[in-house]
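Colleague: So the chains spell out like this:
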Amino acid sequence: MEGVLAACGELGFRETSVRTILERSGGHRAQFYQHFESKEDCFAQAYAVWIDRLCVNLLEVAATTPGWEAGMREAIVRLFQFVSARPAISRALFVEVQIAGEPAIARHEAAVERLAAAIDGARAGIDPEEAPPDATGIFVVGGIEACVGEALSAGDPGRVWDALPELMHFAAGSYFGKEAAEGAFERASIFLTRERARLTGVAE
Amino acid sequence: MTELRLIGGTALAEPVEAEVAQPLRLPPGRHGIPADLVRAHQRQRLLEAATAALAEQGYGRLTATRVTELAGVSSRTFYQHFEDLWACLLAAYENEAGLLSAEIERACAALVEARGPLAEADRRGRAHAGIAAGLDHLAARPAVARLLSAEPPPQIAPLAAARRDLIERLGAMLRSVLTDPAGATPLPGLERRLIGAALALISTRAASGDPQRLRELEPELSELLLASL
Numbered sequence: 004m005e006g007v008l009a010a011c012g013e014l015g016f017r018e019t020s021v022r023t024i025l026e027r028s029g030g031h032r033a034q035f036y037q038h039f040e041s042k043e044d045c046f047a048q049a050y051a052v053w054i055d056r057l058c059v060n061l062l063e064v065a066a067t068t069p070g071w072e073a074g075m076r077e078a079i080v081r082l083f084q085f086v087s088a089r090p091a092i093s094r095a096l097f098v099e100v101q102i103a104g105e106p107a108i109a110r111h112e113a114a115v116e117r118l119a120a121a122i123d124g125a126r127a128g129i130d131p132e133e134a135p136p137d138a139t140g141i142f143v144v145g146g147i148e149a150c151v152g153e154a155l156s157a158g159d160p161g162r163v164w165d166a167l168p169e170l171m172h173f174a175a176g177s178y179f180g181k182e183a184a185e186g187a188f189e190r191a192s193i194f195l196t197r198e199r200a201r202l203t204g205v206a207e
Numbered sequence: 035m036t037e038l039r040l041i042g043g044t045a046l047a048e049p050v051e052a053e054v055a056q057p058l059r060l061p062p063g064r065h066g067i068p069a070d071l072v073r074a075h076q077r078q079r080l081l082e083a084a085t086a087a088l089a090e091q092g093y094g095r096l097t098a099t100r101v102t103e104l105a106g107v108s109s110r111t112f113y114q115h116f117e118d119l120w121a122c123l124l125a126a127y128e129n130e131a132g133l134l135s136a137e138i139e140r141a142c143a144a145l146v147e148a149r150g151p152l153a154e155a156d157r158r159g160r161a162h163a164g165i166a167a168g169l170d171h172l173a174a175r176p177a178v179a180r181l182l183s184a185e186p187p188p189q190i191a192p193l194a195a196a197r198r199d200l201i202e203r204l205g206a207m208l209r210s211v212l213t214d215p216a217g218a219t220p221l222p223g224l225e226r227r228l229i230g231a232a233l234a235l236i237s238t239r240a241a242s243g244d245p246q247r248l249r250e251l252e253p254e255l256s257e258l259l260l261a262s263l
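The listed protein sequences derive, respectively, from chains A and B.
Residues in the first sequence are numbered consecutively from 4, following this note's numbering.
Residues in the second sequence are numbered consecutively from 35, following this note's numbering.
Just so you know, these hints were derived from the structure itself, not from any lab.
A hint or two may mislead.
A short, non-exhaustive set of chain B residues, derived as facing chain A with CB atoms under 8 Å [said to hold, decoys possible]:
(1) 95
(2) 185
(3) 228
(4) 235
In this text, a Cβ means the ideal position worked out from N, Cα and C, and glycines have one as well.
Only chain A is shown next, with the shape it has when bound in the complex:
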């Protein structure tokens, strides 16, 4: 299952054939079609396993960090560490998934909604009168994903770290407005300056 993601992450989904997947994972064609209907199906199943693992990981980090802003930041840090450590798998999860057909898209949407529901915990601290739009969680997840995808597409996953303060501004601002966004940006900038060497060291 890792084989299909690694192949698609390195070569691209369109360029990856069932034969390529088999060459990497060492099975036979007949076996492949016992387990999977098609390349799309194989990708979608592998995607589901990996994205589930990653989601659990991110949600755990967020849940064990006190405060919404710090939880959000730690989850993004964990995501960036994953992206830096596993760039090929990450390309499959964040870039190729967009073109891998309906089965993968459906699982992608489910993962986005799951993360969005957790981020929506921010609402607990907001006066219902000033509640942000329903789509806020999905918007924030989409923005973070687009940022990660951009760095991976450019072949430079390490540069996601530069975007941390900006993403915190974006996430906090979407829920709490401009002032909170500026505060989150400041705190994330200080955090990044202080911790960057340690965080990126872990990834390598």
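Since the structure of chain A is already known, use the hints to place chain B on it.
Modeller: For chain B alone, coordinates are given in the frame of chain A:
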């Protein structure tokens, strides 16, 4: 003389299926229509077919064959116009990105003319008008919404670059309608994050196949794009 009906530059106004069922073609054979007009018409049809084919097949399965089928031209004609599938899709993308930007600019400019110099509240009003116009434009053309919002394969570098250009362009528009020339400059990359998130949201809604869901996005998307600026 044969009536010549060129398709308008704004592409698919009807759902993709309707467009497929009735391809607008010039009559075959001798018709006395100037060759360059025929070529322009063919090209326009190919751009619209590429957009429709992408909505139908997605980037994973898209083929030049499907584009020629939908356009009702031979593959020879296709390659007379474009080097390959991606060149055709790139031309469609750039064309539609230009139309969308123009539509948003028009809506923003109309409001400025109507109200004169802008106070802060008016600046937000102008941003709202632009966002509403953009979403309306896309909701009327679901296949175009998918073309412009969906993430292309990064291996097709010119197409990925065209999408980045659109994000930059829309980001710059968002910044210019909002920024008070006397005020502080907003965070340089923030608009890009906002537009990236908006395109992701639009892409999901457009893929649902219900244009109404795109139109309904307007108040929410306006609020989200303006919340942190």
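Colleague: For each hint given before, does the structure comply? Return the numbers of the non-compliant ones in rising order.
Modeller: none
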